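Bring the two chains, given one by one in their own frames, into a single complex with the hints.
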Amino acid sequence: MIVFKNVNKLYNKEFHAVENMNLHIEKGELFALIGPSGSGKSTTMKMINRLIEPTSGTVLINHKNIAEENPVTLRRNIGYVIQHIGLLPHMTIGENIALVPRLKKWDKEKSSKRVDELLEMVGLPTKTYRNRYPAELSGGQQQRIGVIRALAGDPPIILMDEPFSALDPISREQLQDDLLDLQTKFHKTIVFVTHDIDEAIKLGDRIGIMQAGKLIQVDTPERILRHPINDFVRTFIGADRINQIEKYPAIEEVMIHAITIFPTFGLAEGLTKMRKYKVDSLLIIDKDKTFLGVANAREIQKHFSNEKIVLSDIMKRDVQTVKLSQELGDAINLISEHNVEFLPVLDESNHLKGLITRASLVDVMAEQMRTNNNDADVEEDK
Amino acid sequence: MLANFLIMLQNRWPEIMIGTWQHIQLTLVALLIANLIALPLGILLTRKRKVAETIIGITSVFQTIPSLALLGFMVPIFGIGFMPAIIALTVYGLLPILRNTYTGIVGVNQAVIDAGTGMGMTSRQVLFMIELPLALPIIMAGIRTATVMVIGVATLAALVGAGGLGDLIFRGIAMARQDLILAGAIPVALLSILFDYGLKKIELFVQPKNQ
Chain F
1 MIVFKNVNKL YNKEFHAVEN MNLHIEKGEL FALIGPSGSG KSTTMKMINR
51 LIEPTSGTVL INHKNIAEEN PVTLRRNIGY VIQHIGLLPH MTIGENIALV
101 PRLKKWDKEK SSKRVDELLE MVGLPTKTYR NRYPAELSGG QQQRIGVIRA
151 LAGDPPIILM DEPFSALDPI SREQLQDDLL DLQTKFHKTI VFVTHDIDEA
201 IKLGDRIGIM QAGKLIQVDT PERILRHPIN DFVRTFIGAD RINQIEKYPA
251 IEEVMIHAIT IFPTFGLAEG LTKMRKYKVD SLLIIDKDKT FLGVANAREI
301 QKHFSNEKIV LSDIMKRDVQ TVKLSQELGD AINLISEHNV EFLPVLDESN
351 HLKGLITRAS LVDVMAEQMR TNNNDADVEE DK
Chain P
1 MLANFLIMLQ NRWPEIMIGT WQHIQLTLVA LLIANLIALP LGILLTRKRK
51 VAETIIGITS VFQTIPSLAL LGFMVPIFGI GFMPAIIALT VYGLLPILRN
101 TYTGIVGVNQ AVIDAGTGMG MTSRQVLFMI ELPLALPIIM AGIRTATVMV
151 IGVATLAALV GAGGLGDLIF RGIAMARQDL ILAGAIPVAL LSILFDYGLK
201 KIELFVQPKN Q
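Listed in order, the protein sequences are those of chains F and P. For the first sequence, the positions run 1 to 382 when this note's numbering is used. For the second sequence, the positions run 1 to 211 when this note's numbering is used.
Just chain P, same shape as in the assembly (with noise of 0.2 Å):
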């Protein structure tokens, strides 16, 4: 068993590499995509808080759609390959971002906020001096939650023909040999684990010292 796993991942090495490349071009664009709209989004909310629910509501109903199901509506909208599958996992990674974005701030001590607003800081001074920084351990958390789930996720990506280390996992399953379905799904346990603790490093980098 272990020797034939070891010479498929000889053979397949090349299509392996290509998958995961793919794979991580997908994670990386949705994502990066998911905090453009997220952040800004989510900041905005918590100087609306009047329609932050109902926004919220939304993106949460879109989580609530099967992945699976997700991907199979944006073949008739936008044809297959690497756009649908973009655009499913945009808007899979959304709510994550969104939300802890939004409860972050919200979250962030009244006191100190009256304090800075009180000794003259214009909003947008509250915001990056007392808001993002405060907010930020929630808000990478957010970030991280949705990293995981992209990376999940991307694995059917390549049922829309968007390619990635699915291909290899639904090939696997076709053909009834496990030791494809490993070369797909190990890599991407892998991913999941590398991006996180990448992740994790940058938080505690970033993260205000000694609260």
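Next comes chain F alone, as it looks inside the complex (with noise of 0.2 Å):
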């Protein structure tokens, strides 16, 4: 939807605003622009509405380059929230958001009723703040109204430069929660400057990490955080929120031995084994420890006098597995969706290498916590 190519911003022929970006903001997402003040995030992004030209280089909008365009229209189809809301103070709420419609010369009654969809769809009654002045309005609900004002024209993009740094953190919660809202009811191409990482994780499907005018990382805010390319963005995201990550130990070192039986044996083997150990379930395993299946407590009673059939007969083999690769968090994720007791741990050849159970998982729990609130007495006392 939105593509840099090869774009360079260069004031007074040697302060490098940005350098050589390369960008490819998808249709529909939401990608947050992030970056210390002067790293450059908020100039790429008035590049996209050419409040800010290249030195060199393409911005394309739908495979056109925006280069080509007349400005005024540009900007006309892209929705622009700004941090310092910059609603006119002269014209009421109604007219504030009937802006854009009234420069594309909408018919009135259009853009009318384009104001009173809009006020209501963030729980301001139409009634009520239609025809108020911005001043009698608290600041987040003026950028409640910015952002609606940005939606009016029905833009297919929209800039956001720092739109909701300035509130205070319940508003800013409020209305990020209330932008999540809108986006999935309108799916518009959102790109969103910020210097607060949590939001960015928050919101962005994608985030691009800016350092001094140069593009250093985009992904996934998940793979950002496990994955920081460099120092500078581990620094940026934060040694906290990466502990919060790696501070989980990984699946080796929480799983346990697995009691195992081969497929062959009969059930009344299976039951002793499982008194003999205390467990109400038996890893079927092969001579090479491939997995195949779990034989539980209650299927053997149940066929228990039937001699004729083993193990193998029984077992249940569409069992929720994880592998050794994976994270420990993948790993409770699946615990809890799938509602099982236990997961075997297989390695890359289905060979079965321990178990996790949810009592085990407790135990990291409650280290993990432990840990936590150590690190947290430490910090009160520095």
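Treat the hints loosely; a few may be bogus.
[Said to hold, decoys possible] Some, not all, of what chain P presents toward chain F, calculated at C-beta under 8 Å:
id : residue
1  : 112
2  : 115
3  : 127
4  : 130
5  : 148
6  : 152
Just so you know, the hints here were simulated from the structure itself, not pulled from any lab data. Note that the coordinates shown come from a computational prediction; the quantities given were computed from them, not determined experimentally. C-beta: ideal position from N, C-alpha, C; glycine also.
Below is the structure:
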């Protein structure tokens, strides 16, 4: 949808505000551009609606070079929300929202309907708010108007330049939630500039991290948190957030020894083994340890009278498992999602390596909470 | 004293009326020209900020020339009568209007202008939909200042033969007649107050609501 091709922006022929930017923003995604101040994120964004012209390179929207388009027409089809809100103080809320429709010369009725619709959508009743002036609204309400004003002309693209950074934390949360709601309804292509990594993680489908004019890493929040590309990114997203992930030990460290049995064994043998190890399920493997399935006590009891059958006849083959290479977080998710008591851990060629149970996870969680609390104590001591 | 004054008023009534009328003419014509020059120039300067300080500096130099001297300068160039007076008064009225137009527009919250431009307003739309409405109170204040100043300075126009209420005052000074001086001075004061009040009303009427 929006493509940057080798875009550079120089000021005074020496200061490289944006350096060799190549970026592809997909249709319908919320792309968060993040970086410390002066990293060129706002400059990058303003090149999309030509408030800033690149020194070299091209910016394409829908395969069209925007340098060849009329900037005014271009801007009327790109919503714009700025940090300082920028509502026109001498116009009512209704007039403010209807500004772009008015510039685009929609007929009165259509734009009036649009205003009502948008106001209701963000929970500001038309009757109460439409004829008020911006100064009569709180900061959070004003920016809510700022956001719907950007939507009013129904643009496919919306640019947001640190829109919530000047708000109090509660309004900020609410507006972020509102934005996510609106986004699920409208699926606009949104470029969202922020310096708040939490905001970027919460809102962004993808995050682009900038430093000194360069785009350093572009990826989903999840992958950036897990695989920060260098020390700058690691510091920027913060040791705390990385630790939260890294503090989970590897699956290998958490898994316990599995009680196994071969499929050719009879039911009585199975039951004896269960009693001996005080378990209610046995993992069934073949001679080279390939995982085959699970036999549980209830099934064995049900078929116990039948002396002819063996464990492989009653074992459950379709069992949720986890790979050794996966993260412990995945294992936790699998257990709660599928509501199972345990997960067999397999290696890449399906050899059984061990077992993760609810009980073993509780131990891990408890250990983690204990160390987190200790860390917090240390912080306070400082 | 009061009785003398009233008799004088009665005798001089036609002269006072003529003087007042001339005074209003001088003021209005000078202000009209000053506005026609200073408003567009002020707006233009906001687009050319590099030269703005210089131009405004030049107009303030005019302001520092004593009004009497300025009128005196006009005589060798433009002769005597209505014309040199109008030119001098116009020069006098320029600065407050020019400066307030410029500072008023420059002072408009940049965020609002950015939002307007970003939403796709043309430069003209930004001017008429955002900058002028928001700068209006300051521009009007400049016009009011200029008006009151011009009404005052216009008394001196009598010296270059342009008439006005200054005629009565100077004749009073020459004849050492205080009542004659008052017959000129009081209408000047009343005019100032009246114009200022009228402009204030206009300002309230046109000013954007609720800021």
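Do the hints match the structure? See the list:
no., hint, result
1, 112, "holds, 5 Å"
2, 115, "holds, 3 Å"
3, 127, "violated, 13 Å"
4, 130, "holds, 6 Å"
5, 148, "violated, 27 Å"
6, 152, "violated, 33 Å"
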